[in-house]
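**Q** Work out the full structure: start from the sequences and follow the hints.
In order, the protein sequences belong to chains F and P. Its first residue numbered 78, the first sequence is counted upward by one per residue in this note's numbering. Its first residue numbered 3, the second sequence is counted upward by one per residue in this note's numbering.
If you're looking for bench data, these hints aren't it; they were derived computationally from the structure. Nothing here was measured: the structure is a model prediction, and the numbers come from that model. For every residue, glycine included, the Cβ atom is placed at its ideal position computed from N, Cα and C. A few of these clues could be false.
As the list claims (entries may be wrong) - Derived coverage of chain P by chain F (criterion: at least 3 residues anywhere in the stretch with Cβ under 8 Å from a Cβ of chain F; other residues may be distant):
#, stretch
1, 59-66
2, 98-105
3, 368-377
4, 381-392
5, 461-475
6, 482-496
7, 518-529
To be verified - What follows is a set of in silico ranges between Cβ atoms, one per label pair, in the way DEER data are often shown:
#, chain 1, residue 1, chain 2, residue 2, range
8, P, Arg128, F, Leu173, 33 to 39 Å
9, P, Leu87, F, Leu298, 56 to 62 Å
10, P, Gly200, F, Asp327, 33 to 39 Å
11, F, Asn244, P, Leu351, 42 to 48 Å
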Amino acid sequence: MTRLTGPAVTGGAAGSPPGRRNAGRRTNRWLAQAGWRHLVAVLAVVFSLFPIVFVLSAALNPLGTLSSTDLVPTDGVSFGNVRELFARTAFERWFLNSLLIAGLASLASVALSALAAYAFSRMRFRGRRTGLLSLLLIQMFPQFLAIVAIFLIFTTITDLWPGLGFNTPWGLFLLYMGGALGVNTWLMKGFFDTLPRELDESATMDGATHAQVFFRIMLPLVAPILAVTGLLAFIGTINEFLMANVFLTDTDSKTLAVGMYGMLQGNERNNNFGMFAAATLLTAIPTVLVFQVLQRYIVSGLTAGAVKG
Amino acid sequence: MSTSLSGPGSTQAPGREPVGSRPPRRRTARDHAPITVTGLAVKVVLLGLVAGIAIWAAFPLVEAEKWVGLALLAATTVGLFYLYLTRRHVPAKYLVPGTLFLIAFQVFPVLYTASTAFTNFGDGHRGSKDDAIVAIQTASVKQVPGSAEYALSVATEGDPATGPLVFLVTDPATGGVSVGDADGLRRLDPGEVTVAPGGKVTAADGYTVLTFGQSSARSQEITELVVPTDGGALRSAGLSRAYEGKAVRAYDAGCDCIRDAETGRTWAADESTGSFVAADGERLAQGWKVGVGLRNFTRVLTDDHISGPFLGTLIWNFAFALGSTAGTFLLGTFVALTLHSPRMRGTNLYRVLLILPYAMPSFAMLLVWRDMFNTDFGLVNGLFGLSVNWFGQEWSARAAVLLVQLWLGYPYMFLVATGALQAIPRELTEATSVDGASPWQSFRSVTLPLLLVALSPLLISSFAYNFNNFNAIYLTTEGGPFPADNPTNGATDLLITYTYRLAFGGQGAEFGFAAAISIFIFAIVAVVSAVSFRRTRKQEEVYA
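**A** This is how it looks when you write it as structure tokens:
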């Protein structure tokens with residue numbers, strides 16, 4: 078942190094004294110106003126990218142071990158790690174499982190919390206305040222400490238309905254739905270609050286039902302926050318490790334987080350590093366794609382939701 | 003406004019069109035809201051789906067005779083039908099779907115966990131007193147002279163590699179075949195089994211007999227399987243013989259104690275701790291679950307082995323959460339401010355590159371960072387020519403963990419701060435510079451306060467998130483380095499990783515105690531968040 082801010086401040090100070098000659102003055106002005114900004118930006122980019130470059134280098138390293146990996150590939154480049162990844166592990170299954178669970182869970186949780194946020198933002202009813210506060214409170218209990226209880230619940234569920242039990246994507250999906258309300262609802266409610274009430278009031282006066290107001294008028298207007306919560310939910314689910322680790326023990330039912338964690342366990346930690354790095358890069362692809370698709374909404378969605386809590 | 007939405011709309015019959023002949027005075031929009039064809043179709047389909055799922059779910063419940071579950075299922079289904087067919091309770095129509103999941107998979111488990119905080123639930127204290135007695139008796143089964151011997155086949159009703167094991171044994175005297183598991187021995191119909199000469203069962207209807215290779219792969223499980231019988235219990239001796247041994251220890255209802263028939267030693271039941279204790283204080287490993295009141299909570303404060311490290315962990319936990327939040331906020335905002343200038347070119351490119359860490363899978367990058375800090379062949383030591391054991395020393399481990407958090411978290415703050423800066427009207431800063439303020443002054447008195455107002459809710463939630471950031475520690479240092487005298491509480495442990503180790507760690511699970519600590523965590527986070535939310539002036543709008 079200090080390493081990064083340091084040069085920036087001195088850069089700004091060095092640029093401030095006015096130059097004596099004309100050309101020098103122009104350079105100095107550029108330095109004072111934009112040059113140091115580029116310096117900071119480049120330093121920040123270096124800080125952001127070097128671990129990613131390291132992962133890339135490890136993924137292309139033909140030896141595929143941690144100890145032989147440098148920041149830039151020195152021993153040549155090969156795609157052996159990727160081939161090995163698909164040959165030796167059930168990576169494609171993990172990948173599909175993760176996409177399925179994260180995709181479904183983020184869509185469903187956006188839908189559930191949009192419904193709830195609409196009610197909290199636009200309607201007045203008994204228990205509204207209590208409901209909002211309890212959502213916040215429940216969220217603060219470290220949910221995974223309930224894992225013993227969850228384990229017992231799902232043992233029963235596995236006995237009764239094996240299709241929803243351990244080692245199934247549907248069971249994990251149900252479990253994630255438990256956390257669908259919570260923070261997302263607050264973020265969305267903040268965004269709903271910023272929309273002028275006249276919109277839905279006039280629609281109501283024109284004879285629209287509450288459902289029409291929600292689906293036809295509100296939803297298109299809150300698209301940015303839907304994109305943001307969807308993205309946050311997607312990233313959160315793809316990265317969720319703990320619940321999934323307890324829940325999924327069959328090789329074929331694992332998600333990326335669980336499966337890849339297993340790659341670096343025990344003695345294999347050094348040897349599998351190249352494979353792991355290749356898997357990391359492949360895992361980033363869906364997130365980056367979702368990010369690119371939703372990008373134009375994201376900045377506006379995040380801040381507008383943030384302003385209103 | 004509010005009454006028109008949630009008010010009683012059902013008093014008047016719903017009309018398809020606003021009909022002119024109706025008296026106009028009670029024409030609130032709700033009463034005349036038309037029933038659209040699509041709306042109706044969606045409703046029918048969804049309710050049909052609910053009914054279908056309910057029927058599908060009901061069969062196993064009936065089969066297993068879980069009447070309470072069936073009643074709950076029926077009540078929920080009827081409730082859903084009522085809710086979406088009536089015109090009243092409009093807010094509930096929107097809240098119920100999410101709330102159902104919330105109650106089933108979050109509220110209920112949390113309440114259950116919280117209730118275990120007042121018990122000694124954990125390894126050795128899982129079931130009832132009767133369970134404990136059975137466990138003690140069967141565990142003490144020994145082969146005694148004259149024990150009956152049986153031919154044994156190991157079988158399962160499920161997959162040969164993972165399914166629950168049963169014993170198929172043939173009584174040498176009668177030739178009858180019985181099936182046994184941890185619940186006891188059950189006679190099988192002779193027509194359903196095939197017995198080889200010598201008494202070994204080779205096939206039984208409904209069971210898969212394990213081959214020798216499959217059995218030996220699971221030999222440990224086979225050794226541990228004890229089938230209680232009337233006179234003692236059945237255990238395996240090797241993979242093809244079983245003996246019926248005698249329980250050396252037995253429960254004596256007269257003295258409410260366990261008596262060892264060989265040594266004569268007794269262990270008296272102690273109802274307050276849920277265990278059998280001998281006169282000299284020795285405890286049997288198998289106990290039962292009892293309520294212990296507030297003892298788990300007082301133990302945190304009074305037990306020196308726990309309270310000392312606990313305070314240190316608490317302080318580090320606060321430092322970690324504050325440091326992560328403040329670090330990411332400062333760096334993110336600083337970079338956002340730097341890029342936020344009309345003279346800057348190429349900001350879009352910088353932006354895309356800067357937020358790349360946010361798009362990388364964080365669990366994987368945490369593991370990558372862990373290996374970059376590796377002493378022998380990690381990148382950090384390699385680049386700077388050092389040989390520091392980063393995770394081996396208290397302070398370097400803490401610094402490393404914070405650096406990783408900074409890397410993971412600042413792109414998000416950068417993104418948010420950029421958005422917030424763009425939302426601040428340029429006229430404001432221009433006006434201050436017209437009034438003669440220096441750039442620093444205008445930043446101090448205009449930009450920063452507006453930025454803080456916009457970001458403070460995010461800062462609070464970031465703090466709350468990092469306070470319990472399990473992955474950040476567990477996937478990097480795993481809580482270490484540990485002091486030599488205390489292997490349960492390391493220098494970078496957060497309360498949550500510490501609790502996780504208590505609950506699921508190697509030294510025997512202490513669910514009750516772990517639950518007590520999670521209630522502590524919950525209280526701390528809730529209080530901190532409540533205080534900070536109160537301090538942000540946004541509160542009125544939030545609750546408005």
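**Q** All the hints need checking, so say for each whether the structure fits it.
**A** Now for the hints, and whether the structure bears them out:
1. 59-66: Holds: 4 residues of the stretch 59-66 of chain P have a Cβ under 8 Å from chain F.
2. 98-105: Our answer is that it holds, as 5 residues pass the Cβ test (under 8 Å) against chain F, meeting three.
3. 368-377: Since three or more residues must qualify, the claim that chain F covers the stretch 368-377 of chain P holds, with 6 doing so at under 8 Å.
4. 381-392: holds (count 3)
5. 461-475: That given contact holds, which follows from 5 residues of the stretch 461-475 of chain P lying within Cβ reach (below 8 Å) of chain F.
6. 482-496: It is violated, with 0 qualifying residues against the three required.
7. 518-529: Since 5 is at least three, the answer is holds.
8. P:Arg128 <-> F:Leu173: 33 to 39 Å: Taking Cβ atoms as reference, Arg128 (chain P) and Leu173 (chain F) lie about 37 Å apart, which means the hint holds.
9. P:Leu87 <-> F:Leu298: 56 to 62 Å: With a Cβ separation near 29 Å, Leu87 (chain P) and Leu298 (chain F) fall outside 56 to 62 Å, so the hint is violated.
10. P:Gly200 <-> F:Asp327: 33 to 39 Å: 37 Å, holds
11. F:Asn244 <-> P:Leu351: 42 to 48 Å: 44 Å, holds
Hints 6 and 9 from the earlier list are contradicted by this structure; the remaining hints agree with it.
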